[in-house]
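Enquirer: Quick mapping for you: the protein sequence lines, in order, are chains Y and B.
Per the numbering used here, the very first residue in the first sequence carries number 149; after that it's consecutive.
Per the numbering used here, the very first residue in the second sequence carries number 909; after that it's consecutive.
It is possible that part of the hints are untrue.
What the hints assert, rightly or not - With the Cβ distance kept under 8 Å, some of the chain Y side facing chain B (calculated, not the full set):
# : residue
1 : Phe-213
2 : Gly-220
3 : Asp-234
4 : Met-237
5 : Gly-251
6 : Phe-254
7 : Gly-255
8 : Gly-257
Said to hold, decoys possible - To give a feel for the contact side, a few chain B residues facing chain Y, derived at Cβ under 7 Å:
#  : residue
9  : His-946
10 : Ala-950
11 : Pro-951
12 : Gly-966
13 : Tyr-978
14 : Leu-1004
15 : Lys-1008
The set of hints was computed from the structure by calculation and includes no laboratory data.
Cβ coordinates follow ideal geometry from the N, Cα and C atoms, glycine included.
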Amino acid sequence: EPEVTQTPSHQVTQMGQEVILRCVPISNHLYFYWYRQILGQKVEFLVSFYNNEISEKSEIFDDQFSVERPDGSNFTLKIRSTKLEDSAMYFCASSEQRGVRVGQYFGPGTRLTVT
Amino acid sequence: GQSLEQPSEVTAVEGAIVQINCTYQTSGFYGLSWYQQHDGGAPTFLSYNGLDGLEETGRFSSFLSRSDSYGYLLLQELQMKDSASYFCAVRGYSTLTFGKGTMLLVSP
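Make a model of the complete structure from these sequences and hints.
Expert: This is how it looks when you write it as structure tokens:
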């Protein structure tokens, strides 16, 4: 069964450093998403992406964040200057359509630890 | 803005039936989804309700009342592997807004 993959599984970085989290969505999916989950808290929407541009973004997704689809398979989230409060699990998701009946398929996540 | 309320924890025994409720306040509502998450792993899509009524998928059913801004997830014939967190999520145009989750503990 096709699945969303994410690398790395765990990233440790120092405050102020740039990190790039990578995702490979399911191959025939057209809509891509990033979410984050701070330990013990709910999953929070960051951004949705379609047709090489951002569809929607949350207030969390400020100028420190950017997304890119550099080629036909990868989807990346960049945090330019990490802060301690960026420590969280970051989930990538994809869906075949925007259609509301369609579920979003989540990857296993990247645990980001900012020290 | 959007807010969702669901119980923080529910306990039940194997073989039982459990209902997890979700109430929401939102703008731009397209539907209510339910996701399961084991121990901080990837959320897994369970079901979606766009219209009022009951949707059934095997042992799981989900219900929505748009007029009451209320929905629930019904799990039947509980198994130990159903112990997990369950999140209701409001579907927007291209977003999902999650509730804080309900931890379901299934005991023998």
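Enquirer: For each hint, tell me whether it holds in the structure or not.
Expert: Do the hints match the structure? See the list:
no.	hint	in the structure
1	Phe-213	violated, 15 Å
2	Gly-220	violated, 21 Å
3	Asp-234	violated, 17 Å
4	Met-237	holds, 6 Å
5	Gly-251	holds, 3 Å
6	Phe-254	holds, 4 Å
7	Gly-255	holds, 6 Å
8	Gly-257	holds, 6 Å
9	His-946	violated, 11 Å
10	Ala-950	holds, 4 Å
11	Pro-951	holds, 5 Å
12	Gly-966	violated, 15 Å
13	Tyr-978	violated, 18 Å
14	Leu-1004	holds, 6 Å
15	Lys-1008	holds, 5 Å
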